[in-house]
Amino acid sequence: MPFLKIEKVTKVYEANGASPVVRVLSDVDVEIEEAEFVCLMGPSGSGKSTLLTIVGAMNHPTEGRVLVDDIDIYSLSDERRADFRREYLGFVFQQHHLMPYLNALENAMLPLATAEMNTREKRDRAANALARVGLNGKALRLPNQLSGGEQGRLAIARAIINEPPLILADEPTGSLDTKTGAEIMEVFLNLNAQGQTVFMVTHNAENSALAHRIINIVDGRIG
Amino acid sequence: MRISTLAFANLRRRKGKAVFLIIGIAIGIGTGVALLSLSTSIKEEIGSQLDRFGANIVVVPQSNSLSLDYGGLSVSSVSFDVKQLRTEDAASVLQIPYANRISNISPKLLGAVRVEGREVLLAGVDFDSELVLKRWWQVAGKKPENDQQVLVGYEAARALSLIEPTSSTQPPHVSHGGSHQHDENQFQFKIVRNHLTIADQDHEIAGVISQTGGPEDQMIFGSLGHVQRLLNKPGQLSLIEVSALCKDCPIGDIVSQISEQIPHAKVSAIQQSVRARSETVGRLTRFSAAVSAVVLVIGALMIFTTMTGSVIERTKEIGVLRAIGFRRAHIIKGLLIEVSVIGLLGGLLGWGVGLLASWMALPYFSETRIPFELKPVLGIVAMAAGLIIGSISSFYPIVRASRLDPSEAVRYV
Numbered sequence: 000m001p002f003l004k005i006e007k008v009t010k011v012y013e014a015n016g017a018s019p020v021v022r023v024l025s026d027v028d029v030e031i032e033e034a035e036f037v038c039l040m041g042p043s044g045s046g047k048s049t050l051l052t053i054v055g056a057m058n059h060p061t062e063g064r065v066l067v068d069d070i071d072i073y074s075l076s077d078e079r080r081a082d083f084r085r086e087y088l089g090f091v092f093q094q095h096h097l098m099p100y101l102n103a104l105e106n107a108m109l110p111l112a113t114a115e116m117n118t119r120e121k122r123d124r125a126a127n128a129l130a131r132v133g134l135n136g137k138a139l140r141l142p143n144q145l146s147g148g149e150q151g152r153l154a155i156a157r158a159i160i161n162e163p164p165l166i167l168a169d170e171p172t173g174s175l176d177t178k179t180g181a182e183i184m185e186v187f188l189n190l191n192a193q194g195q196t197v198f199m200v201t202h203n204a205e206n207s208a209l210a211h212r213i214i215n216i217v218d219g220r221i222g
Numbered sequence: 000m001r002i003s004t005l006a007f008a009n010l011r012r013r014k015g016k017a018v019f020l021i022i023g024i025a026i027g028i029g030t031g032v033a034l035l036s037l038s039t040s041i042k043e044e045i046g047s048q049l050d051r052f053g054a055n056i057v058v059v060p061q062s063n064s065l066s067l068d069y070g071g072l073s074v075s076s077v078s079f080d081v082k083q084l085r086t087e088d089a090a091s092v093l094q095i096p097y098a099n100r101i102s103n104i105s106p107k108l109l110g111a112v113r114v115e116g117r118e119v120l121l122a123g124v125d126f127d128s129e130l131v132l133k134r135w136w137q138v139a140g141k142k143p144e145n146d147q148q149v150l151v152g153y154e155a156a157r158a159l160s161l162i163e164p165t166s167s168t169q170p171p172h173v174s175h176g177g178s179h180q181h182d183e184n185q186f187q188f189k190i191v192r193n194h195l196t197i198a199d200q201d202h203e204i205a206g207v208i209s210q211t212g213g214p215e216d217q218m219i220f221g222s223l224g225h226v227q228r229l230l231n232k233p234g235q236l237s238l239i240e241v242s243a244l245c246k247d248c249p250i251g252d253i254v255s256q257i258s259e260q261i262p263h264a265k266v267s268a269i270q271q272s273v274r275a276r277s278e279t280v281g282r283l284t285r286f287s288a289a290v291s292a293v294v295l296v297i298g299a300l301m302i303f304t305t306m307t308g309s310v311i312e313r314t315k316e317i318g319v320l321r322a323i324g325f326r327r328a329h330i331i332k333g334l335l336i337e338v339s340v341i342g343l344l345g346g347l348l349g350w351g352v353g354l355l356a357s358w359m360a361l362p363y364f365s366e367t368r369i370p371f372e373l374k375p376v377l378g379i380v381a382m383a384a385g386l387i388i389g390s391i392s393s394f395y396p397i398v399r400a401s402r403l404d405p406s407e408a409v410r411y412v
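Chains A and U are the protein sequences, given in the same order. Anchor point for the first sequence: position 127 equals 126 in numbering that gives the first Met the number 0, and the numbering is continuous, going up by one each time. Anchor point for the second sequence: position 72 equals 71 in numbering that gives the first Met the number 0, and the numbering is continuous, going up by one each time.
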């Protein structure tokens, strides 16, 4: 039984004013095993990010279903799906999307804000997440006091604080230089080595070469 | 870290906007508080002045009488089983539980007397209380100071040839003092006689009451005890006029209490006076409420637009929070905490500013200098109002924020 199963997923954006109907994904079938590192590659506009947000329980597919750990995520209510995102997924955005007014420790701790847990435990877990991505000693820095690579690491720390079984990453090295990008990839590889499943969208062939498997997508279809 | 930590961090981050919103709510609440405080003080003053301006309760002997008139022709009424009012009854009015609301008691004895061949209505009054009650009287002369001095109504004075018309350029004939004494040049008459024979006794004319259009024009007023002796009705009264300070207007309760105190009397509220007071005060209240409502609506619209702008500005942030597992309820809770803090602080500031403004403005609207009062209950109401206005006006933007599609929101730039 695959850990992540994408079954016949189609996504169509309905016509809106002058915008015509757009078919972004067509009958996408993907299966990923637990602790696998898979890269999704494809040209711009091929539907990579859309597929990632669908797997990320944020974007309802027009057809088909997505099963994570045998849970049909779009059969869940909106609020249960939010819980699912918190408990099962760690999402790393291309632009990192850090909160500029929170320091690194607080940014890493953000997914725990709604958790019934005492503050000391939250802080310990955040400090541990920062240590895992190599940000020891930078807990009190604001995001704008961190380099691009450190911001990327902080975004990963936030994604892993809940120890999610599945990490989704949308071009996490896209805005970074080669050296920093390689450092970030190193972090993902370490996490994967510790048993976390990684599903990453990337343009970078060097990065994708480090994955267990590469899936290509062109015009919304798996190639 | 909790949701409240995020909310407070956001407030600190957007200090300028938070202060702007707090000031906006404070202006709305402050205007309401100031208008409410002002109108309450002015209402009390107007009420007190109206209450002092004439009686609003009249006490007469209880009798089973039938009014006999037909087509404007009045026939003597048939009275039987009349229970007399006594001088002690006037004093007993002050023994009712609402005695502190009684501002004036004016006992009277009325009787017809022959004055130089004419029948004239003679009223025995306590001049101290009567002249306070009849503030609109303009007396050419002075207040009577002894039993032999009287005040004469305009028509009675004219009929008894006590006065003569005069032009404004002519100086008046008399020069008296007294609390109701007015600039003598304003009277269109001059007093030509200083003495009058009433019931075969010589009386000095202390003053003539300028024309009022009321029953007093036809009357002569003497001191109560003296008139009781003249009419041979010692200790008796015809009526007692009572002026009650009608704050919160328990006029019905005051009437009931006087009725219980003087069971042999018929006590009635003068409805016209009560209605006029309540209409005046009511208009003032409605005006204040309308102005406050308009200001609060403007404040609420300002919060609505600012909160809507704030939500749009934070679309990406809210999308990220949703993407990492915040429920809609968590987003709503966070934004509500922010709005509540703003609303409470706005209400608190508005309360302080409103009280201060009303205290500073009151001398321009009122003759009474009212001491500064903190009114903590009003403070609680103001904070609650700030909370409610903040919550209601940001309800739509907050719900809209919670419904943001996280996948769209994180792509938002």
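Keep in mind that the hints were calculated from the coordinates and are not lab data. Fair warning: this is a prediction, and the values are worked out from it, not measured in the lab. We put the beta carbon where it would ideally sit given N, CA and C, even for glycine. Among these hints, one or two may not hold up.
30 Å max Cα-Cα, derived DSS-like pairs, lysine-lysine [to be verified]:
no. : chain 1 : residue 1 : chain 2 : residue 2
1   : U       : Lys141    : A       : Lys137
2   : U       : Lys14     : U       : Lys232
3   : A       : Lys178    : A       : Lys137
4   : U       : Lys142    : U       : Lys232
5   : U       : Lys315    : A       : Lys178
6   : U       : Lys14     : A       : Lys4
7   : U       : Lys82     : U       : Lys332
8   : U       : Lys332    : U       : Lys315
9   : U       : Lys107    : A       : Lys137
10  : U       : Lys107    : U       : Lys315
11  : U       : Lys107    : U       : Lys82
12  : U       : Lys82     : U       : Lys141
Ranges of calculated distance between the beta carbons of each label pair, as one might list FRET restraints [as the list claims (entries may be wrong)]:
no. : chain 1 : residue 1 : chain 2 : residue 2 : range
13  : A       : Arg64     : U       : Val398    : 26 to 34 Å
14  : A       : Gly222    : U       : Ser339    : 34 to 42 Å
15  : A       : Gln94     : U       : Ser339    : 40 to 48 Å
Outcome of the hint check:
no. : hint                               : in the structure
1   : U:Lys141 with A:Lys137             : violated, 94 Å
2   : U:Lys14 with U:Lys232              : violated, 82 Å
3   : A:Lys178 with A:Lys137             : holds, 20 Å
4   : U:Lys142 with U:Lys232             : holds, 24 Å
5   : U:Lys315 with A:Lys178             : holds, 28 Å
6   : U:Lys14 with A:Lys4                : violated, 47 Å
7   : U:Lys82 with U:Lys332              : violated, 73 Å
8   : U:Lys332 with U:Lys315             : holds, 18 Å
9   : U:Lys107 with A:Lys137             : violated, 94 Å
10  : U:Lys107 with U:Lys315             : violated, 83 Å
11  : U:Lys107 with U:Lys82              : holds, 16 Å
12  : U:Lys82 with U:Lys141              : violated, 35 Å
13  : A:Arg64 with U:Val398: 26 to 34 Å  : holds, 29 Å
14  : A:Gly222 with U:Ser339: 34 to 42 Å : violated, 53 Å
15  : A:Gln94 with U:Ser339: 40 to 48 Å  : violated, 31 Å
Hints 1, 2, 6, 7, 9, 10, 12, 14, 15, counting from the list given before, are not met by this structure.
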